[in-house]
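Following the hints, position chain Z against chain B.
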Amino acid sequence: MSLVTNALINLAVFVALALGGGFGSAWYMIEAGSRLSTRTFGPWTTWTTAGRPEADPYTRAHTARNGLLPVSSTLELTFRAKTDSSGSRLTSTCDYLVVLQDTEPAWWSLAVFDGQGKLVQNGAERYAFNHQTAMREPDGRIAIVVARDARPGNWLPSGRSGRIVLVLTIQDAGFAASVHDSGQVKSLPEIRRATCR
Amino acid sequence: MSVNLAFKPKLTAGPKLPRPKLPAWTREIGWRTLVGGALLGGVIHICATFAAPVVGTGNAFQRLRAILPLNQMVVLPAPLRASRSCLIFNRICCTPCAATS
Numbered sequence: 001m002s003l004v005t006n007a008l009i010n011l012a013v014f015v016a017l018a019l020g021g022g023f024g025s026a027w028y029m030i031e032a033g034s035r036l037s038t039r040t041f042g043p044w045t046t047w048t049t050a051g052r053p054e055a056d057p058y059t060r061a062h063t064a065r066n067g068l069l070p071v072s073s074t075l076e077l078t079f080r081a082k083t084d085s086s087g088s089r090l091t092s093t094c095d096y097l098v099v100l101q102d103t104e105p106a107w108w109s110l111a112v113f114d115g116q117g118k119l120v121q122n123g124a125e126r127y128a129f130n131h132q133t134a135m136r137e138p139d140g141r142i143a144i145v146v147a148r149d150a151r152p153g154n155w156l157p158s159g160r161s162g163r164i165v166l167v168l169t170i171q172d173a174g175f176a177a178s179v180h181d182s183g184q185v186k187s188l189p190e191i192r193r194a195t196c197r
Numbered sequence: 001m002s003v004n005l006a007f008k009p010k011l012t013a014g015p016k017l018p019r020p021k022l023p024a025w026t027r028e029i030g031w032r033t034l035v036g037g038a039l040l041g042g043v044i045h046i047c048a049t050f051a052a053p054v055v056g057t058g059n060a061f062q063r064l065r066a067i068l069p070l071n072q073m074v075v076l077p078a079p080l081r082a083s084r085s086c087l088i089f090n091r092i093c094c095t096p097c098a099a100t101s
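Here the protein sequences line up with chains B and Z, keeping their order. Reminder that position 116 of the first sequence reads as 116 in the working numbering, one-by-one numbering, no gaps. Reminder that position 16 of the second sequence reads as 16 in the working numbering, one-by-one numbering, no gaps.
Accuracy of the hints is not assured; some may be wrong.
No more than 25 Å apart at the CA atoms, straight line, and that leaves these computed lysine to any residue pairs for SDA-like [unchecked claim]: (1) B:Lys-118 with Z:Val-74; (2) B:Lys-118 with Z:Ala-60; (3) B:Lys-118 with B:Pro-138; (4) B:Lys-118 with Z:Gln-62; (5) Z:Lys-21 with B:Leu-8; (6) B:Lys-118 with Z:Phe-61; (7) Z:Lys-21 with B:Ser-2; (8) B:Lys-118 with Z:Ala-66; (9) B:Lys-118 with Z:Pro-53; (10) B:Lys-82 with Z:Gly-36; (11) Z:Lys-21 with B:Gln-132; (12) B:Lys-118 with Z:Ile-88; (13) Z:Lys-21 with B:Val-13.
Derived by calculation from the structure, the hints in this document are not laboratory data.
One chain only, chain B, in its complex shape (with noise of 0.2 Å):
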């Protein structure tokens, strides 16, 4: 190979890795984030510094980038799922079924939004539960069934949109105290697969 060549290939080289490398990670250190930054609880993951002074840079570029109104993650912790406990996808194809307990004293939200971020259009006008507006198990319990068709008791709509996100939002500064010290968490819905079609 001549000597024009073999230099073509190492900037060729240099620049792919440069800006593929450069890029890439931190696309994905800012979308999906990592350990640095997030904590996960099964399929539930938040990102613990959100909407606090001294958040870390790739906390910073989330908030912004995604246009995010965070409180601060020392009172509110907003955790985020798009797989279930067994680690699919959620779709609107399927139905699910999150149980919430031990929750009190706690506000809690729980909301479904298509895989764009934005809430999912339906007949019922129904976007989401918190702890005022779900109906409750005789044994306190709280199961929220996510379904397209409408369901009896706590039923979200995920419309058709494809690719959906649920959204838990927890307003509790003890346990977001716990989140942060990494000590013992109080355990976070399971989401159950009911049917697929």
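Chain Z only, in chain B's frame:
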């Protein structure tokens, strides 16, 4: 009936698979290119991460600033329709809900 616990199956060599060969041009890549590319990639990674909040025009405050009145406190209710929500992963209702509050 006795069982020979020390039995070991005899492993026979299968047909040898050809080892995958890298294209010839990959042998021309020098280690300096790889190290230099990785270093510059690291610099780009840091710059992109720090630049994202500054350069981006779609953060929540910029989106809300365009639709909310100046120096006036407005309660943003939850949307009655999905189309009225303007922030992602948020149920804040933007115009026209804000205008009527």
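Hint check results:
no., hint, verdict
1, B:Lys-118 with Z:Val-74, "holds (22 Å)"
2, B:Lys-118 with Z:Ala-60, "holds (14 Å)"
3, B:Lys-118 with B:Pro-138, "violated (33 Å)"
4, B:Lys-118 with Z:Gln-62, "holds (18 Å)"
5, Z:Lys-21 with B:Leu-8, "holds (22 Å)"
6, B:Lys-118 with Z:Phe-61, "holds (18 Å)"
7, Z:Lys-21 with B:Ser-2, "holds (22 Å)"
8, B:Lys-118 with Z:Ala-66, "holds (19 Å)"
9, B:Lys-118 with Z:Pro-53, "holds (21 Å)"
10, B:Lys-82 with Z:Gly-36, "violated (37 Å)"
11, Z:Lys-21 with B:Gln-132, "violated (64 Å)"
12, B:Lys-118 with Z:Ile-88, "holds (5 Å)"
13, Z:Lys-21 with B:Val-13, "holds (19 Å)"
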